[in-house]
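Throw the hints in and build the complete structure from the sequences for me.
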Amino acid sequence: MRKKVKLKDIGKQAEQLIELKCEDLMPLPHPLDRLESQPPLKHLTDEQKLQYDTSLDGIVALGIPKPKNIQQEEELIKKFLSGLEKLFSKENNWTFLQPLILSIENCARCQNCSEVCPVYLSSGKQEIYRPTFRSEVFRKLVRKYLKKEGRLLSTIRGDNVELNWATLARLAELAYRCTLCRQCAQACPIGVDNALITREIRKLFSQEMGIAPRELHELGTVQQLKVGSTTGITPKALGNIINFIEEEIEEKTGKRMKIPVDKKGAEILLIHNAGEFLSWPENIEAFAILFNAASIDWTLSSELVGYDAVNYGVWYDDVQLVKIAVRHAQVAKDLKVKKINVGECGHAHKALIVVADRVLTGDLNIPRESVLPLLEDLVCHEKIRIDSRKNNFPVTLHDPCNIVRLMGIVEPQRRILRKICPQFREMTPHGVENYCCGGGSGFAIMSSMNFQDWRVQVSGRMKLKQILEAFQDVPNPEIKKYVCAPCSNCKGQIRDLLNYYNIREKYNIHYGGLVELIVNAMVDIEKPFIEWE
Amino acid sequence: MWLQIITYLCILLFFIVLILKARRYARYPLHLRWELYPVAHEEHRTYGGSYMQEPEWWARSRKKSLIGEIMFMIQEIFLFRGCFMRSRGLWFVSYPLHMGVYLLAMWFFLLICGAVLNLTGVPVTVESTSVIGRITYWVTVVIGVLSFVLGTFGSIGLVVQRLTKESLRVYSSIADYFNLICLAAVFGSGLCAWYLNDRGFGDMRGYVGNLITFNKLTDMGPATTIHITLTALFIAYLPFTPMIHFVAKYFTFHNVRWDDEPNTRGSRLERQLENLFKQPITWSAPHIESKKWSQLVPRREGSSGSEAK
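Going line by line, the protein sequences match chains A and B. Heads up: the first sequence is residues 987 to 1519, going by the numbering used here. Heads up: the second sequence is residues 5 to 313, going by the numbering used here.
Think of the hints as simulated: they come from the structure by calculation, not from any bench. Everything numeric in this text was worked out from a predicted model, so none of it was measured. Backbone N, C-alpha and C define an ideal beta-carbon position, used for all residues, glycine too. Treat each hint with caution, since some may be false.
[Stated by the list, open to error] Examples of chain A residues toward chain B, derived with CB under 7 Å: (1) Phe1082; (2) Gln1084; (3) Ile1142; (4) Ile1176; (5) Pro1246; (6) Asp1248.
This is how it looks when you write it as structure tokens:
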């Protein structure tokens, strides 16, 4: 029997709090119902274990180097405490102070949240992944070290977590075992938001201690602000990629078209996740074909940051979030566009349209919207000609948390699919209750050491189960199946899920965006647009 | 007389701490949007849809439904719908406990009504010549007994659940058990007082009447005295505990989960933001170069800040 981890164990001097084993994980449906069909979890090398703190679960998201001596340890603890103070100050954290305090002070520990958390359930109910475990550790630290409640009150409340290096290192890693999907918050009868607490913990580590995953910070927001994109694409390289995309469009459709770039006064500035340019150029192509067919007045930007909608700050750092959102708005303002449409990227939707709404004032407050209602308008009001028979294969829809549960954009994508895909079927559950792909909050782009194994085997497990169950009525591997994911990061995660278990080759399940399905069904496009390779 | 003084003080303390707590929550600065769907006032709340589903949503008039919010709150407050849908086992004990609390408040209100009727010469007894007097008598008895039974069952049930269910036990502190035992004591002592001393709640009504008129207490049975003392002390203790989460719940829903108010140019919201941008940033990580939020969000033409300038 598995030994239960207690809250106070977070500060225990031990090599690892838990050891993840495949046999403990939530079972998957057919055809992955046998353990032999699942690859084993990758272990860290001895060298990695020596260099980095791996004491939580043997998985590394952050790669925090171990402190060399006691002075370094004390320095880190001091910094953490100073960050804790700032996190609860009106000046430094007006951005999320009210929601944070409400969530810190009012949890009844009824555990309703645990029953819906995909990470906790997928892990086979590992105690450390329970949404309340992380929050409760943090809550106890706040009461003991920030509010400095007396010994008697501490005993009565069970505030027995010690602040030491082990606690800090494990808490920092633990903040990256939650996808911030906010299923838990939705399930809480009081409205406590464990995902928000997780994000605030990440923020403390980033904004005060400079500790954040390399993929999100150095290669993410810092690179985006410096080079133009988290992918490393520079404005100059973008020109070459667009030329390539135009050639691809000509090859696929026989039509030569010019993709508008930096067109002043255009009605729409379309901003894609720049990952699409590199990994899924067909998504960019499909938008260009569709907008051209519908005679939409649009443009892309080649300005620094203006061609990459991503804003990783939304997951870990308010300052970086604000810098990038302001830059996006500045680009749109300079182009004098009427509005910004965010392409198929979930977190960019949430960051630019919703969260940054209270950052962009005056002439930076340019109207911003999702591209999905626009696509719905084109398809459902027959502004383009559609032949749904061209999409006559089983299609299911993944609901990106950021677009659906966190923004309430639920129906436009469904109305489109019902119109263009005769074999469309929902996952269970779906809509605002859908499960995260497992790549949320930056995980989809985090693959250092053995983290990719964890996000595929644990955080993405529930999504994989949903996908397999959605196609249970079509087990024939001859039949092509399509998972529609209108979000770049979700696509990346679903790609990794399908590759890891070899599902594409064995069971013919493919993935892609929404706009590709629309273009595939267009009457004016003779050859099939979707390439099933 | 000491019991009356304690009661006055406890009720006063309850309201003071309650108001201060609500005031503290209300005074936190405006935060960035962090809503979660379904949002109860949205037109498409049944499936969790928002106004952002419409093309160019900013050009359309927004329909906010107060009825939607009220319906949601009624279902949450009086039926515990969320808990019922997601955690049935917990609902079977948590719901009776909360109903016990609501009915206790209602019972207290009925005691006040009965006391006022008594003071105006309308007897509130089983043989009262007044129909209102008889109805008040019976409703008070039924509501009071129901509250005590449900509250005792719910609070003891929650203690048992916390002790027997590992996921709850691990996260329960001494304070959690103490709070539930306090609740059980309040409801249990009420049940005992009714059964042993005060089947028609005449003593209680008399006590409440004396509270209203500031008259000296008449004699009451020991069980009733114990119940009143425990209840008064519990009322004073309540706002210092997490059991007061109904105050927080108002803010978590109205100010966070349902706060989808868009920021528009020249709005009050924008002016609030401009003031927040004036605050300093003292975070220490190397990438935080700015000293003020306004350096991250420079003043723009057309913003409230620049107009003021």
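(message) Hint glutamine 1084 of chain A vs chain B: min CB-CB distance below 7 Å?
(response) Constraint on glutamine 1084 of chain A satisfied, holds at 4 Å.
(message) Quick check on phenylalanine 1082 of chain A please, does its C-beta sit within 7 Å of some C-beta on chain B?
(response) Result: holds, 5 Å to nearest chain B Cβ.
(request) With chain B as the partner, please determine if isoleucine 1176 of chain A meets the hint condition of a C-beta pair closer than 7 Å. (result) Nearest chain B Cβ about 5 Å off; hint holds.
(message) Tell me if the interface restraint on isoleucine 1142 of chain A is satisfied: Cβ within less than 7 Å of some Cβ in chain B.
(response) Holds - the Cβ of isoleucine 1142 of chain A comes within 7 Å of chain B, reaching about 5 Å at its closest.
(message) Hint proline 1246 of chain A vs chain B: min CB-CB distance below 7 Å?
(response) violated, 20 Å
(request) Could you check if aspartate 1248 of chain A really has its C-beta closer than 7 Å to a C-beta on chain B? (result) violated, 21 Å
Hint check: violations occur at hints 5, 6; the rest are consistent with the structure.
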